[in-house]
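On the provided structure of chain A, position chains B and C with the ligands as indicated by the hints.
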Amino acid sequence: MTKNNNGLILEVNNLVVRYETMDGIVRAVNGIDLKLGYKRTLGLVGETGAGKTTTALALLRLVPDPPGIVECEKLEIDGENILTFDSDKLDQIRGKDISMIFQDPMTALNPVYTVGEQIAESIELHEHVSKTEALKRAGDMLELVGIPRSRANDYPHQFSGGMKQRVVIAIALACNPQLLLADEPTTALDVTIQAQVLELMHELKEKYNTSMIMITHDLGIVAEICDEVAVMYAGRIVEEGTLEKVFNHTKHPYTEGLFNSLPNVKDRKAKLKPIKGLMPDPMDLPPGCAFAPRCDYATEACTQKVPTLTSIDEAHRVACIRYDEPDFHIERRILS
Amino acid sequence: MTTYTQVQKQQRATKRYKKRSSFEEIWRQLRRNKGAILGMILVAVIVIIALISPLIYDYQKDIAGQNIKQRLQKPSAEHWFGTDELGRDIFARVLYGARYSLAVGVVAVLVALVIGVTLGASAGYIGGTFENIVMRVTDIFLAIPSVLMAIAVVSALGKSTLNLMLAVGLASTAPFVRVVRASVLVVKDEEYIEAARAIGMRPWKIILVHILPNCVSQIIVQATLRVASAIISAAQLSFLGLGVPAPAPEWGSMLSSGRQYIRDHSYMTLFPGLAIMVTVLSLNLFGDGLRDALDPKLKR
Amino acid sequence: MSDPILEVRNLKKYFKTSRGMLHAVDDISFTIERGKTLGLVGESGCGKSTTGRAILRLIEPTSGEVIFEGVDICKLSGEQMRKKRKDMQIIFQDPFSSLDPKKTVNQIIAEPIRENRIIRDKHKREDRVLELMETVGLAERLINTYPHELDGGRRQRIGIARALAMEPKIIICDEPVSALDVSIQAQILNLLKELQESMGLTYIFITHDLAAVNHFSDDITVMYLGKIVEKAPVEDLFTNPIHPYTRALLSAIPVPDLSEKRRRISLKGEITSPVNLPDECRFAPRCYECIDRCRQGIPPLVEVAPNHFVSCFVHS
Ligand SMILES: Nc1ncnc2c1ncn2[C@@H]1O[C@H](COP(=O)(O)OP(=O)(O)OP(=O)(O)O)[C@@H](O)[C@H]1O
Ligand SMILES: Nc1ncnc2c1ncn2[C@@H]1O[C@H](COP(=O)(O)OP(=O)(O)OP(=O)(O)O)[C@@H](O)[C@H]1O
Ligand SMILES: [Mg+2]
Ligand SMILES: [Mg+2]
Numbered sequence: 001m002t003k004n005n006n007g008l009i010l011e012v013n014n015l016v017v018r019y020e021t022m023d024g025i026v027r028a029v030n031g032i033d034l035k036l037g038y039k040r041t042l043g044l045v046g047e048t049g050a051g052k053t054t055t056a057l058a059l060l061r062l063v064p065d066p067p068g069i070v071e072c073e074k075l076e077i078d079g080e081n082i083l084t085f086d087s088d089k090l091d092q093i094r095g096k097d098i099s100m101i102f103q104d105p106m107t108a109l110n111p112v113y114t115v116g117e118q119i120a121e122s123i124e125l126h127e128h129v130s131k132t133e134a135l136k137r138a139g140d141m142l143e144l145v146g147i148p149r150s151r152a153n154d155y156p157h158q159f160s161g162g163m164k165q166r167v168v169i170a171i172a173l174a175c176n177p178q179l180l181l182a183d184e185p186t187t188a189l190d191v192t193i194q195a196q197v198l199e200l201m202h203e204l205k206e207k208y209n210t211s212m213i214m215i216t217h218d219l220g221i222v223a224e225i226c227d228e229v230a231v232m233y234a235g236r237i238v239e240e241g242t243l244e245k246v247f248n249h250t251k252h253p254y255t256e257g258l259f260n261s262l263p264n265v266k267d268r269k270a271k272l273k274p275i276k277g278l279m280p281d282p283m284d285l286p287p288g289c290a291f292a293p294r295c296d297y298a299t300e301a302c303t304q305k306v307p308t309l310t311s312i313d314e315a316h317r318v319a320c321i322r323y324d325e326p327d328f329h330i331e332r333r334i335l336s
Numbered sequence: 001m002t003t004y005t006q007v008q009k010q011q012r013a014t015k016r017y018k019k020r021s022s023f024e025e026i027w028r029q030l031r032r033n034k035g036a037i038l039g040m041i042l043v044a045v046i047v048i049i050a051l052i053s054p055l056i057y058d059y060q061k062d063i064a065g066q067n068i069k070q071r072l073q074k075p076s077a078e079h080w081f082g083t084d085e086l087g088r089d090i091f092a093r094v095l096y097g098a099r100y101s102l103a104v105g106v107v108a109v110l111v112a113l114v115i116g117v118t119l120g121a122s123a124g125y126i127g128g129t130f131e132n133i134v135m136r137v138t139d140i141f142l143a144i145p146s147v148l149m150a151i152a153v154v155s156a157l158g159k160s161t162l163n164l165m166l167a168v169g170l171a172s173t174a175p176f177v178r179v180v181r182a183s184v185l186v187v188k189d190e191e192y193i194e195a196a197r198a199i200g201m202r203p204w205k206i207i208l209v210h211i212l213p214n215c216v217s218q219i220i221v222q223a224t225l226r227v228a229s230a231i232i233s234a235a236q237l238s239f240l241g242l243g244v245p246a247p248a249p250e251w252g253s254m255l256s257s258g259r260q261y262i263r264d265h266s267y268m269t270l271f272p273g274l275a276i277m278v279t280v281l282s283l284n285l286f287g288d289g290l291r292d293a294l295d296p297k298l299k300r
Numbered sequence: 001m002s003d004p005i006l007e008v009r010n011l012k013k014y015f016k017t018s019r020g021m022l023h024a025v026d027d028i029s030f031t032i033e034r035g036k037t038l039g040l041v042g043e044s045g046c047g048k049s050t051t052g053r054a055i056l057r058l059i060e061p062t063s064g065e066v067i068f069e070g071v072d073i074c075k076l077s078g079e080q081m082r083k084k085r086k087d088m089q090i091i092f093q094d095p096f097s098s099l100d101p102k103k104t105v106n107q108i109i110a111e112p113i114r115e116n117r118i119i120r121d122k123h124k125r126e127d128r129v130l131e132l133m134e135t136v137g138l139a140e141r142l143i144n145t146y147p148h149e150l151d152g153g154r155r156q157r158i159g160i161a162r163a164l165a166m167e168p169k170i171i172i173c174d175e176p177v178s179a180l181d182v183s184i185q186a187q188i189l190n191l192l193k194e195l196q197e198s199m200g201l202t203y204i205f206i207t208h209d210l211a212a213v214n215h216f217s218d219d220i221t222v223m224y225l226g227k228i229v230e231k232a233p234v235e236d237l238f239t240n241p242i243h244p245y246t247r248a249l250l251s252a253i254p255v256p257d258l259s260e261k262r263r264r265i266s267l268k269g270e271i272t273s274p275v276n277l278p279d280e281c282r283f284a285p286r287c288y289e290c291i292d293r294c295r296q297g298i299p300p301l302v303e304v305a306p307n308h309f310v311s312c313f314v315h316s
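Protein chains in written order, with my numbering: chain A, 1 to 336; chain B, 1 to 300; chain C, 1 to 316.
Just chain A, same shape as in the assembly (with noise of 0.2 Å):
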């Protein structure tokens, strides 16, 4: 690499995103930093509202101005300061360098054009190659993704939800990007298809060695493909760090509170434990940390101070203040 990028594909410093809308202004991203290495997957994690889908449109500069305002220090990927790229320019690495799945496949295609239509007009936007050529190597991303070539002239109302997934996939992937954003890419799918999918995202990963984050509220999905985890709340990362080390050695609260949330499938009878309360309104935040209003362990200098991201050890960072006491710890078993 002669790039220098400290070996990250993806670097992005104290990145905030405000809707200013009639009723007042959104907080919807808060100040985050995220650092992502080639080849690795990173999980962002977070209840509706938490400011997962604008954090992904923040990267690609594609939220809606008006209403939306970008604050961001530093935005590089693969080394390249993308604050200044112009709109062309933009264009350009768009769809090619860094692409987009978007959270409901229903709505991501055009009605009026064939998948294989749309599938070849990303390649011949970027890779400047012919029209037949560009739709030959549409077929061919349709297999890649498991769909019979034949049916590139097929319009997106002829496929199931799971197979337009594929294809949406398939577009994404077109041009080989080096950073994949996959907003939920299987909320809107059954399990067993979720399955199919997640399962080709991982192959397709791995064989085009592309990096990826994986936007999800959906726990499970994060342990079977992230290689990292960022758990988002109210527009901050509250916590973030290999996928191990978060899962087994949870540090957050509210990261305990999403695991005790969920049923226990080895442990039937164990009781949920949700979390109390309600996610605060991204318009009117609270003072201090935003999950203090809910959290079990909260203190009155939580209401006070915003916490920072502090690192635990070299893997794993957490944004809680009460681990300033030497022998605070949250009550979720660790795990072995």
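What the hints contain is simulated information worked out from the structure, not anything from laboratory work.
Do not rely on the hints blindly, as some may be mistaken.
[Unchecked claim] Restraint-style ranges between C-beta atoms, simulated for each label pair: (1) E73/A <-> P213/B: 50 to 56 Å; (2) H157/A <-> K84/C: 40 to 46 Å; (3) E167/C <-> G24/A: 39 to 45 Å; (4) P213/B <-> P64/A: 32 to 38 Å; (5) K193/C <-> I312/A: 33 to 39 Å; (6) D121/C <-> I41/B: 45 to 51 Å; (7) R247/C <-> N248/A: 24 to 30 Å.
All of these numbers come straight from a predicted model, not from anything done at the bench.
Heads up, the beta-carbon is just placed ideally off N, CA and C, and yes, glycines get one too.
Same frame as chain A, now just chains B and C with the ligands:
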């Protein structure tokens, strides 16, 4: 262990739930649409004129009373809009005429509303053959120009203000049936309708209590726009001599009587014509604005 | 000791579509004991909701019997059925479309009480509404708010309060938590469980979330394309799944536990359309153990172990 106080939580929660009522929400949307505001102000002015004109003018003397000496005078300081062939002040007649036009428009639309909502809602909810029959008949009605229909009805019932209202109302029923049925079809498939059936509610009550209140915004918009076209229909009928009988200052009949003098005394047709135009335009502006404000897809 | 509250026998619901007969629910039978929970699982479009609605006669079953406390409710007249509805309630999946947006919380919860003339006095009715709100954990101050002002979890609580208002004996929960966030899901599941314990309710719990059904149910019925493929007590089904589809389904749940590395059975293809089905095992086109026999007829539901029923030629 928790030290975050209960009170704080309560305060935050109440703040969160203090949201605008739907009326305020509509008003906020409406306010951003300049045309709609202009329309609304004009409609308000016209309604006020219609309400207070009998306080300013005496019907027998100022409106119907003839004054042959002053006939066919051009607009002047004394007679702002001039006078007509019988020497009546056109300004006074135009103002007073708002009563007729609005009354005909509103009553006609009420007639159309009652029939249209009943038929449309039951067709949409019951479905099947009944719906088919209602909708095909509606199609037939829609295919006949509404003026022709109104003429037919007035000829059958005889000439009077009340019959004019009925005729125009019947002629504008079909669009209501359509709109109401369409919105009922949408609401009908919502789960809360099924929820109402699950507690054993009777169908007619479901229509009344759950379906219609959720279609009411579309119905209001439609009604506002329909008042405008009803006013035009009524004016057309009066122009043809089938409407409000003379000497009432209905705008359509004023147009009609001014027609003979249009070459030399064009103001006789100009002002009633303008009055119709402004009324219809402001109702349409207001109705369109309302539609935009009520349509959640156009929000933000 | 057996005290079945509801028995479904050979229930069928076909829909006429432009492409042919759609077999949404195709000859299913099951029994629920009083005070227990029956989980009904399966993938999208397999007929779970249709089953639930047909049991309540929100849609008329094509054929079959639904015997509730000894009475076949499919034979009841409209008026008799209306009375029976008091005992059988439903909680819907979508807390956003199942509440009338024009009614306040008070009106929504009071509606079943008023409609069935359980409490005629307005003030007493409001007291009852407040009592129900407390039961489901809604703050008193929300009584005059509109559903759109509330979040999904609270709205679902309103749906539950409404279902409880008539003191039903059985509640059909049609994916009551699928639309909610994980942390809110757990709150609602706990609430449903507490209510069951304190009021002795019977639930039919419809879901596609196997982890939730495992936590929640006593018996599980797995459906595939309108048919029951496997029926067993929960422990049996999770420790010893027999039908190839059940095994694939169980292996497909992503588990948030790193210590568990399971072998995944991945299925080919997707759930086929339930229109004009051939006379073969419904699962045969996707099955990884399919033999010739499977293509020649529909396998019967056979008891392979006590209370464990499977519909598969290979495994019975
Ligand atoms: N265009 C927009 N205008 C105003 N507010 C917005 C807009 N887009 C998103 N928001 C708000 O920003 C916040 C974060 O939204 P975002 O879509 O990023 O959440 P998310 O984590 O992706 O949630 P989900 O799981 O529901 O997809 C939310 O409160 C949302 O209402
Ligand atoms: N009113 C209807 N008319 C025609 N077909 C219908 C109707 N209702 C349901 N169906 C069809 O019946 C089948 C079963 O539907 P049902 O809603 O019971 O599935 P489900 O198991 O509840 O699925 P989901 O998990 O998506 O809710 C589907 O193929 C559906 O398209
Ligand atoms: Mg999102
Ligand atoms: Mg369903």
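Do the hints match the structure? See the list:
1. Checking the proposed 50 to 56 Å range against E73/A and P213/B shows it holds: the Cβ atoms sit about 52 Å from each other.
2. Judged by the Cβ atoms, the range 40 to 46 Å given for H157/A and K84/C holds: they are separated by roughly 41 Å.
3. Checked against the hint of 39 to 45 Å, the C-beta distance between E167/C and G24/A comes to roughly 43 Å, which is consistent with it.
4. For the hinted restraint 32 to 38 Å between P213/B and P64/A, the CB-CB distance of approximately 34 Å keeps it satisfied.
5. Distance hint check: the CB atoms of K193/C and I312/A are about 36 Å apart, consistent with the given range 33 to 39 Å.
6. A C-beta distance of roughly 47 Å is found between D121/C and I41/B, which places it inside the suggested range of 45 to 51 Å.
7. Checked against the given bound of 24 to 30 Å, the beta carbons of R247/C and N248/A, roughly 28 Å apart, stay inside it.
Checked against the numbered hints listed earlier, the structure breaks none of them; every hint is satisfied.
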